[in-house]
Amino acid sequence: MAATASSVDQPHSRASGAGLQFGLRAIALTVVVAFFISAGNVNIGAIGQGLGYALAGVTVFLTFRVLNFVDLTVDGAFPIGGATCAILIVNGHSPEFAIVAAFAAGALTGLATALIDIIFKIEGLLASIIVITAAYTVTLHIMGGKSNIPLLGEETLISRHSKTFRNWLVEQFGDQMRRQSTNLLEIIIFGAIVIIVLLILYWFLRTEIGLAIRATGKNEQMVRATGLNHYMMIVIGLMAANGLAAIAGSMVVQQFGFADVSLGFGLIIRGLAAVIIGEVLLRPRSVGQFLVAAVAGMLIFDISRAWIFSALDLPTTDIQFVSALVVLAALGAPRLYDRWKTYRQRHGG
Amino acid sequence: MLSLEHVSVTFNEGTPNEVRALRDISLAVADGEFVTVIGSNGAGKSTLFNVVSGAAQPRAGRITLDGDDITYQPEYLRSHDIGRVFQDPRLGTCPGLTIRENLSLAAIHGRQAGLRRDVKPAHESWFYEKLEQQHLGLEHRLDADVALLSGGQRQAITLVMATLTKPKLLLLDEHTAALDPNAAEQVIAVTEQLASADDLSVVMITHSMQQACQLGDRVIMMNQGQIVFEIAGEERRNLTPADLIERFHSLDSGVELSDRQLLA
Chain A
1 MAATASSVDQ PHSRASGAGL QFGLRAIALT VVVAFFISAG NVNIGAIGQG
51 LGYALAGVTV FLTFRVLNFV DLTVDGAFPI GGATCAILIV NGHSPEFAIV
101 AAFAAGALTG LATALIDIIF KIEGLLASII VITAAYTVTL HIMGGKSNIP
151 LLGEETLISR HSKTFRNWLV EQFGDQMRRQ STNLLEIIIF GAIVIIVLLI
201 LYWFLRTEIG LAIRATGKNE QMVRATGLNH YMMIVIGLMA ANGLAAIAGS
251 MVVQQFGFAD VSLGFGLIIR GLAAVIIGEV LLRPRSVGQF LVAAVAGMLI
301 FDISRAWIFS ALDLPTTDIQ FVSALVVLAA LGAPRLYDRW KTYRQRHGG
Chain B
1 MLSLEHVSVT FNEGTPNEVR ALRDISLAVA DGEFVTVIGS NGAGKSTLFN
51 VVSGAAQPRA GRITLDGDDI TYQPEYLRSH DIGRVFQDPR LGTCPGLTIR
101 ENLSLAAIHG RQAGLRRDVK PAHESWFYEK LEQQHLGLEH RLDADVALLS
151 GGQRQAITLV MATLTKPKLL LLDEHTAALD PNAAEQVIAV TEQLASADDL
201 SVVMITHSMQ QACQLGDRVI MMNQGQIVFE IAGEERRNLT PADLIERFHS
251 LDSGVELSDR QLLA
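Chains as they are written, first to last, in the working numbering: chain A, 1 to 349; chain B, 1 to 264.
Here chain B stands alone, though its shape is the one from the complex (with noise of 0.2 angstroms):
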């Protein structure tokens, strides 16, 4: 389980360009629970998971994960517990290495790098698996350079890899938006099949509502580094996505949802 006390961030803190990215942000992920993200640009979204990934510090307050307070540890020790998987297709995976590395790389996760042969055969039927899981036909590429995928390829699968070796929570940071709307369906598919079948803590931030009424137990909406509403439980299971803009205009916030938003 994932929790967040009390937590706050600030840029530039002490100058002209002092930003409040998070201000006094509490918030608790049980285990296997999926919770959508909503808010405008600036809402602070992405610092939130910069926080919760180590790829930014807070100010004041406290996370946990499981338990084991996590607040100051360096990221790539949380990685071992944390799948993280980005907007942009490039971020995820290493261009120049083939499918079969990357992987390989991924299911290092958790140790220590060796001096053990860095593409294992035992590990051969385990990647043709879960990529056959997927259904796009990347488990016949495994030579394939990463590099030669399209964005959607590569996307899904930075997914395996973010949660190839079991992660308690993957955070998921626009992961569609970068991609044409084919792509993007296939996936949200891939991402519904990983989330359900390991039974992981999955927080997914995204600009469309519609992604945010399909996808998970609770949505949360922020705005101005603030949690401002939640829709769980028997609301949520029956909210559309027009409710949810309704909910958002009902605000009053002087933020203006954007045409993408809207669109999406």
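Bound-form chain A, shown alone (with noise of 0.2 angstroms):
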């Protein structure tokens, strides 16, 4: 991260142009991106995947940039939300209410970090630690002892919808539509919850107590000696960042139709990735551009793994390893970048 850190040292400066070079690089980057996907072959599925996936990305950047609190409690609140929506959804209630209680599933996994890093004075990564092997058994007992929940025949944000999304869509566009009417439908609905909770998250960075988390991860003894009690901003700040990745493990539950005890494996470096490719590629400079920046990361995560198994014609059995090449490459290459400059300014170059 050394390498991306500077990146972060002035999110909110509003010099002129930045916003509007930020715009001409996500357009830039959006045009790659699709010519990749048609070009590639690659499933627009990938798409709807990354928005499931991207406000875990944005938890990540809560926690790392903002409160630069080595946090790795996402992987304990991603499956908490998902087996808190999988229950109460296979139990009758809507969908929409189930994010909600995901989300305060996952505020108070965050709360868990947050205490233990305050009361018993230890640090954030050991913290979050703890806390994610307590939330194992916690998911468990979430899903009544069982690793794991079907959401077949549910009624889901995707499933409620489906039949007349598909209808509609062959009716317009022809049969050959029918095969792609899920995938789009995922990008709809994740794409409208995405932009509302980053809205929502927008907004809130910007209040009072937004900008005392964001001065906290900066300088924690300016916040106290401005009267304000930085333990509440780190507490507040893990509690919305948890919430976020719950929300994401409820997107995702209802998306792959099922919910499962190991489904955060992993997903703290996934958010990392998220969050530096973002960086790398889009060079955010105020708060916005940071979250839109960790969501667009998220999608190229999906996108680049999706098209990588095309291309090489893999067996989904071979995931988690191309997940992890994807992510030594988000984390490697601008260091390795930075290497190869230092070395030709060495060399004359």
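Worth double-checking, as some hints may not be accurate.
What the hints assert, rightly or not - Quick list of simulated restraints, FRET-style, between CB atoms:
no.: 1; chain 1: B; residue 1: R111; chain 2: A; residue 2: A104; range: 25 to 31 angstroms
no.: 2; chain 1: A; residue 1: A104; chain 2: B; residue 2: K166; range: 36 to 42 angstroms
no.: 3; chain 1: A; residue 1: V32; chain 2: B; residue 2: E129; range: 45 to 51 angstroms
no.: 4; chain 1: A; residue 1: S38; chain 2: B; residue 2: G137; range: 37 to 43 angstroms
no.: 5; chain 1: A; residue 1: K121; chain 2: B; residue 2: N182; range: 38 to 44 angstroms
Hint data in this document are derived by calculation from the structure and do not stem from the laboratory.
Don't be surprised by glycine CBs; every beta carbon is placed ideally from N, CA and C.
Combine the two chains into a complex, taking the hints into account.
Structure follows, in structure tokens:
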């Protein structure tokens, strides 16, 4: 992360033209990605999946970047959110209520990490590992002792509209669209959820509490000296961040059609990769741009992984290995680039 | 009014590394008074500030501010009434946030942070005025990231933030020591202006005998956790750095002044 840390040093400067530059980079990136998707024959399901996981990328941005808190809780908050959502849907509650409840469950997971850090003075990394360990059992209990809950035949945000949407699509664009109807529906519904959540978060980060949270990650001493309770800012920040991870968990569960206790495995790495891919490609400067970059990073993670799969024609058993490679590329490439630059300077190139 | 009664602070108590940082200190600072504190390294000056601001806890004694007992009040609660500026210019402001955002954060001072907008248009002219009074031109750079400012500029912003909401007490901990002479002079000018305008109590630690004589109404000399002498009134008005150094040497403390103190 050291290689890209400098890019976060000024997350709120309003230098003229910075917004325009960011917009142009975002459009250019969209064009390139669209080309890859069509030329590389990538299934557009990857976009829907990226949107499902996107808020977990935002979680990592909030903890690692805004709060400057090394928090792995996302690995636990995500399956807890998924489990909460699944059990409520199975018991006949609406998917909307299930998502809100998942947010609350994820926020409590974040609260646990915050309290362990504050009360016992155990640093974030260890505190969150303790919480993840406990979260595994909590997830199993939420799911009534089962490690997997299928949502077959239940009403989810996707299944609720899938039939109407498919019929409409076929009617409008012909029978060849039938196969893509679920993927398109996911993109529309998840896209809407992600946009709504980002707007709320953007508003929140620009309130007094949001400003204090942003300052806490930069200079805790100063926040105390300003008469604000920085502990409270860590608590609110971690609760909001992990609440978002749980929303992502509940979205992915509805997408997959099942909840599983191991759903959060390695998610922190995926979130970090998303944040770094977004920062490297879009070079965000303001809070809003960073949020967009985190989501874009997650989309690119999923799309490039799907592209590798289709290009090399790999079996699904290889998925975690390919994930690790994509993460390695995202983390390693910027550092390698820096080293190459220094090397060139030294040798007068 | 700030008052310390028989305050003692001991670090690592009961171990071979035990340090008696403050020994039975009593001190009163009246409203509007400006006190400078001098003393060699390890004399207890910074511990005195830490115990007043709540960063350290006393082992014995009582601290009151305007009659309220604040001896064990948490640091962030006391900050409502106590502004503080540190030696390191990086500590007082928040890099990555603009000058406007830093000032907005300071403007929350004394209230609970809520869901109101972080940067308020209504504060604009207030911030502008405060910065304009410093004659550093920072009022035109409200959108600049404070990470891009010089040490002197950051210290000036910190001073404005510390006094923005009119605290009762301002603690200055060698706040010009890390600056070049030019910037130090500017920051001292800002300090004098802010201290006189709001009629607030100021306690300033300094290593500079020159500053100790130039600023304030009273000089306090600390050594080995105790106040060894005070100079006030007529004597203080006629005080020169040479007098101070002589007084220092006349102490049978066995502690030598550092070159930095003599040269400053």
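A quick look at each hint next to the structure:
1. The hint said 25 to 31 angstroms for the Cβ distance between R111/B and A104/A, and at roughly 28 angstroms that hint holds.
2. Look at A104/A against K166/B: about 41 angstroms separates their beta carbons, and that is inside 36 to 42 angstroms.
3. At roughly 49 angstroms, the beta carbons of V32/A and E129/B sit within the given window of 45 to 51 angstroms.
4. Checked against the hint of 37 to 43 angstroms, the pair S38/A and G137/B fails, with Cβ atoms roughly 54 angstroms apart.
5. For K121/A and N182/B, the hinted distance range of 38 to 44 angstroms is satisfied, since their beta carbons lie about 42 angstroms from each other.
Violation of the numbered hints given earlier is confined to hint 4; every other hint is satisfied by the structure.
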